[in-house]
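Using the sequences and the hints given, assemble the complete structure.
In the order they appear, the protein sequences are chains D, C, H and B. Read left to right, the first sequence gives residues 1 to 358 (this note's numbering). Read left to right, the second sequence gives residues 1001 to 1358 (this note's numbering). Read left to right, the third sequence gives residues 2001 to 2395 (this note's numbering). Read left to right, the fourth sequence gives residues 3001 to 3395 (this note's numbering).
Calculated directly from the structure, the hints in this document are not laboratory data. Quick reminder that beta carbons are idealized off the backbone N, C-alpha and C, glycines included. One or more of the hints may lead you astray.
Said to hold, decoys possible - Take a look, some chain C residues computed to stay more than 10 angstroms from chain D by CB distance:
(1) Thr1044
(2) Pro1057
(3) Ala1070
(4) Gly1146
(5) Gly1148
(6) Pro1165
(7) Pro1222
(8) Arg1227
(9) Arg1284
(10) Gly1287
(11) Pro1296
(12) Glu1337
(13) Phe1339
(14) Val1344
Stated by the list, open to error - Among the chain B residues that face chain D by a calculated CB cut under 8 angstroms, a handful are:
(15) Tyr3111
(16) Thr3148
(17) Val3163
(18) Glu3192
(19) Asn3195
The lines below spell out each chain.
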Amino acid sequence: MTQTTEAPVADGTGQPGATPTRTAPTTSTFAKALNAALADAMETDPAVLMFGEDVGPLGGVFRITDGLTARFGEERCFDTPLAEAGIMGMAVGMAMNGMRPVVEMQFDAFAYPAFEQVVSHVAKMPNRTKGRVRLPIVIRIPYAGGIGGVEHHCDSSEAYYAHTPGLTVLAPATVRDAYFMLREAIASPDPVVFLEPKKLYWSKEEVDLAELRRTFDDGEAPRRIGRAVVARAGTDATLISYGPSVPTALAAAAAAAEEGRSIEVIDLRSIVPFDDGTVTESVRRTGRAVVVAEAPGFASVASEIVARVQERCFHSLAAPVLRVTGFDIPFPSPKLEHFYLPSVDRILDAVDALQWEA
Amino acid sequence: MTQTTEAPVADGTGQPGATPTRTAPTTSTFAKALNAALADAMETDPAVLMFGEDVGPLGGVFRITDGLTARFGEERCFDTPLAEAGIMGMAVGMAMNGMRPVVEMQFDAFAYPAFEQVVSHVAKMPNRTKGRVRLPIVIRIPYAGGIGGVEHHCDSSEAYYAHTPGLTVLAPATVRDAYFMLREAIASPDPVVFLEPKKLYWSKEEVDLAELRRTFDDGEAPRRIGRAVVARAGTDATLISYGPSVPTALAAAAAAAEEGRSIEVIDLRSIVPFDDGTVTESVRRTGRAVVVAEAPGFASVASEIVARVQERCFHSLAAPVLRVTGFDIPFPSPKLEHFYLPSVDRILDAVDALQWEA
Amino acid sequence: MSTATNEGHEGVLDGVRTRTADSALLPSAQPVQLVDPEGRHTPDDRYPLPSGEELLGAYGRLVSGRRINDQANALVRQGRMAVYPSSHGQEACQVAAAVVLGEEDWLFPTYRDTVAVVTRGVDPLEVFTLLRGDWHSGYDPYEHRVATQATPLATQLLHAVGVAHAAKLRGESTVVLAMCGDGATSEGDFHEALNFAAVFHVPVVFFIQNNEFAISVPLTSQTVAPSLAHKAIGYGMPGERVDGNDLAALLAVLGSAVSRARDGGGPSLVEAHTYRMQAHTNADDATRYRSADDVERWIPKDPLVRMRTYLKGLDLLTDEAETELAAAADTIASVIRKGLNTDARIDPAELFEYVYAEKTSQLREQAEQLREELARDAAPADPGVTGNTTKENQR
Amino acid sequence: MSTATNEGHEGVLDGVRTRTADSALLPSAQPVQLVDPEGRHTPDDRYPLPSGEELLGAYGRLVSGRRINDQANALVRQGRMAVYPSSHGQEACQVAAAVVLGEEDWLFPTYRDTVAVVTRGVDPLEVFTLLRGDWHSGYDPYEHRVATQATPLATQLLHAVGVAHAAKLRGESTVVLAMCGDGATSEGDFHEALNFAAVFHVPVVFFIQNNEFAISVPLTSQTVAPSLAHKAIGYGMPGERVDGNDLAALLAVLGSAVSRARDGGGPSLVEAHTYRMQAHTNADDATRYRSADDVERWIPKDPLVRMRTYLKGLDLLTDEAETELAAAADTIASVIRKGLNTDARIDPAELFEYVYAEKTSQLREQAEQLREELARDAAPADPGVTGNTTKENQR
Ligand SMILES: Cc1ncc(C[n+]2csc(CCOP(=O)(O)OP(=O)(O)O)c2C)c(N)n1
Ligand SMILES: Cc1ncc(C[n+]2csc(CCOP(=O)(O)OP(=O)(O)O)c2C)c(N)n1
Ligand SMILES: [Mg+2]
Ligand SMILES: [Mg+2]
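See below:
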């Protein structure tokens, strides 16, 4: 069983033997960490290319590619014509021919035109060719809601990708993970759908990006693909979450603590591969679980987690595994999204429903 | 709670009062029933149109539209240029403007180019316009495996649609349901993804298609959208299935019966809306359940069924709800597909694993 | 299937194509212009100048259109609206697209085409429902035959083809005008829409507003074709280019394309050369990808100034008329301002109402869950607490 | 970005386009032909006739190609292969597509292009791995620089652009030839691929085999354009048309397109006019949508007969040479026959091997489940029962 309970500072920072003259950690946003990860990967490996819509001089509508064209030239980071299947299909060919393309789909719903390329080629080509053709492509998708975006700008589309064998599907929730996971995604031999929770772009952490880089380049960063992490330890119930819902789950756990309930929060980070070990160990211990995710619940990643947990922890469960997800409706308009999104209250309601008296 | 345990012959045939001079039931294939449903719908309502690739003079690669162009003219059943997004997008416009288009996507994987139109418009337009624009579109998809088809011709793509709010997702498993459900789909004000299990196209039943038509036109056919059916009654465990997996589930139940186990089989028919009533009633009664479906299991419709069943039947369950699904791999080549598809043996293994000694 | 037989074109199977036929489908070497930036009539054999009355009427819409853009920008600055993709500088295209259509026709606009939508008669407050974040679309598409403003690029062009196709099958004389930007022409749906329209020979006018940018991406990174209108021949339909800041030329060219379509002549493609004078939306920072000089070069080509000069020069536009037009624009602006200063009531229960014609049992349960949550939140836990309280402080 | 600057084309922004530039991108009025159906040289200013040696070499490939098609059809009839989309009648296109390329180049074929793939050097038995149902693709794409045979229409054209783009960025002289059918030109991916290739000015030759049908759908329902090659100008690349049953013309036109691409001239589009002489695949019933007469009209245009007549007429093809070519074709056919008469061993464990570079824990569990099932099935429950028994009779 995979146990990944690394402390938040365990990435080579603060270890004995670190040079005492190291500069103090500074603050970075999630967006800046992604930008640094791209820049560091491009510097490390000339095969890494970045392209998509508005990722060149503009630096992307979220500025994740800011400065890359200026620094690496317009052959390494460039704008394409406005066509997502085109971007994805060209990435397939580039990956076939020695490159490691990172592409940006401008928003979640604007990745759909590329769906055939993703499902029929990106996901299947390695298997089709018995591994002779590997496609080290990273598909970056600014995703999910919570930013007051209009229709088509807030879809949580992870289920479409997670259901498609051959894709690795990642969703970081912390600044540190944003950096390490994007580096790991770019280094992966497999195609990765890299989901960037838009509402976390401006979240901040105390991290020294230069230090993160050193840690990654030295191979000291623990693997994150396929590894969940216990974001908060607890004993009474487990919240299982990923990406944009992790902060909400943590807030709910904090609120529950004030009421005397000790809630563990698991940040999956990696949706595919899935870390059954960490999840199962926690739920067997706590005996209760709630899955929290923003996407509509029906036939979703949340459904999968519930299914797996009850398959593997059935006899430890004191109550059914519950879900707090988006409703089975199209993502609402900005003024209504707060009714839709998983909230602290809704999570606490679900925790309350875990048959504590039984 | 919705109870739908209609006997297989309950669609107005064999009822007291039926004219004694009625011709005896004849045999029809699944394919022929679909063809008849299309023809009858087109005859009944001039707004019904059929179009897609090769659906005109050829009658479709599976001949489901055989004879429709000859009978209704090339303005009512016609070939389009070879472009699935085009077909779907044109259908949206036609539905906006008074038509009831039925489109055929030639094979499951060839519906992916239309994914953006389906997710961003077909599913969302009615909600976007507060119901002012309804899109009575039927998207017919010959789907799933078991026919020795090459890559891209055997995908079970229902999860993509079932996860998308706004779509009705149907998968008939019997000749009779094929007829009634397609008629109901065409009559529905909502867009319907109509999944036709390819391997069942040549399956046969004793039915009189003229009689089915009369039953439907007279409004005597019980509603099937949102209604599951108990395909075989049993007491010890429930198999929950739909579309191509129903015959396999029934065969497994028959085999189990020989060993003295009474297995109930539910044919969902309607994936969205989902008939919680029928499923929950059965599992509460039997205390054990296995979900059988051909698609890869991860984040699938099968996951959803497991999640719902354990949420709603937790205290009745003697064992975790298990799944027999496709593996999480791309659909295999013809000579390997039998290792992939849910089989009687695999279902019986799962039933065996339902902790009968506990 | 009633596929098109393009006059002057033999079947390609014979392998006999003449250059004459090609030139009938290729656009003119220069965009059609009828009034130059100095406000002078520049005659064109093929397109008569619209009448003074027509021009004056359309000019009035231009004045209001500009005012709508200005007012919307102001409301965004004031935080009354989240975002606005302005058509400042493109108002001649906006107005022409709307006024060339008859009542039985359909308009398919994009997110940038608010002025066209309002010019067609849609209540501006209903249009702004989207941009103030109340609902995805606020007007009834059937009322004025205006489709929802499309966001996923080029997708609406196919819907336009479908609407036209349905009308044609019923023998109606409806024409559909479908708008898109230069960037959208790169999408697969653009290609499929033009091809479907041509093969089914349906009455659609595809109208590209080439404003030289797709957010930050200039036209030169979008295509290296001689022009966007040159794409038309690849579908067997005529392509035409027009000065997109010349209201007169736009009315003439689009009007003729609409007539052609109505008369059974099939679809055509019109590319208007114009310029996006402001950032993509207020959220965009255009200084990152273009210089102020680039923008300034287009100031003298402003569509309003040009038409005003022309009309003034011929005494078609009097001072009183100008005052009236300004007053009319003021009225629209004030209606918008007032409308957006009151919050529309939005009922969260509506979230579940329209997903299906009839709620599924799943949605009934979910609607009920939300209703209960809201009822509980509304019922104060203790007398001092009301309203949108969180659970934590309730208990 | 290193976008293309198309010689002879000024930027479209200036609005100055000349008809001269247009004609450089438009295809010729008639498809290029160098040898007519009667086997006579029909000179064309622009394209010199390939040398006798070249033609003879390619003719040999033609003979083998026809034989491969025949042999594959026979194997399908015998049930050794599930399905075969034959290129019978299109072999000149197949051969030319392969022989115009150098070793460093890439070929992107479709399901119908087996003969091209084999002509390029891929082991026919590896090619048939797909059609006999053993695995999705049986050859190593890197060995001969031949991509997998694409099924989802037009998708491969974008991959071709990517391969070319990567090569260009590394300064390599690789050219990519990407094939598709007439039907595939209607897909959005066709449009996006041509546009990307043109904008990035990459060395791709897009080669359409217009065989007049997409399964049952004739070209006239696919497009009403003057020709498919007319689509090129919409992307700013040259389009050319060629007699698809004339091996000489194909070698000349494709060869020149490849040279142009290699010399930095950018992408181009070549449409070959040919005909699908047989049904779409053996599973298809072509009598439902076309008459025997239609097909017969193309018999006199057969690419083999024509080239044979030409070569014989000039004494380039001797009787001995013909015997040798026939023997070579026999050899290939017999290799194929023998190879397909032995069942290849397929290990179901491989199902899990290549989905990811390293199996996920989920796939490890699933592989283990299947392994256990198979082990149990293999272990006889009672001495009399072996092999692929079902669970029921095991217990
Ligand atoms: C399918 C899709 N991809 C990406 C986007 C994001 N996007 C919105 S507007 C825009 C630029 C469009 O440019 P253009 O078509 O020229 O229209 P303009 O904004 O200039 O009016 C982009 C990339 C989108 N809306 N839809
Ligand atoms: C995206 C997609 N849609 C549909 C199909 C099914 N299909 C396979 S071949 C074919 C016809 C293709 O015609 P064309 O491009 O002319 O090639 P040809 O078969 O004539 O060589 C169709 C519709 C497919 N393979 N891919
Ligand atoms: Mg633009
Ligand atoms: Mg063809």
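Now the hints, each set against the structure:
1. Thr1044: Holds, since 31 angstroms exceeds 10 angstroms.
2. Pro1057: holds (27 angstroms)
3. Ala1070: About 33 angstroms separates Ala1070/C from the closest Cβ of chain D, which puts it past 10 angstroms; holds.
4. Gly1146: holds (18 angstroms)
5. Gly1148: Given a closest Cβ separation of 17 angstroms, the condition holds.
6. Pro1165: violated (5 angstroms)
7. Pro1222: holds (24 angstroms)
8. Arg1227: Arg1227/C clear of chain D: closest Cβ-Cβ about 17 angstroms, beyond 10 angstroms.
9. Arg1284: With a cut-off of 10 angstroms, Arg1284/C remains clear of chain D, as the shortest Cβ separation is near 13 angstroms.
10. Gly1287: holds (13 angstroms)
11. Pro1296: violated (5 angstroms)
12. Glu1337: At about 14 angstroms from chain D, Glu1337/C clears the 10 angstroms cut-off, so the statement holds.
13. Phe1339: Given that every Cβ of chain D is farther than 10 angstroms from that of Phe1339/C, nearest at about 14 angstroms, it holds.
14. Val1344: Given a closest Cβ separation of 21 angstroms, the condition holds.
15. Tyr3111: Not OK, violated: Tyr3111/B not within 8 angstroms of chain D, min 13 angstroms.
16. Thr3148: holds (6 angstroms)
17. Val3163: With a closest approach of 4 angstroms, the Val3163/B hint holds.
18. Glu3192: holds (3 angstroms)
19. Asn3195: Since the shortest Cβ distance to chain D is 5 angstroms, the answer is holds.
Comparing the model with each numbered hint stated earlier shows that hints 6, 11 and 15 do not hold.
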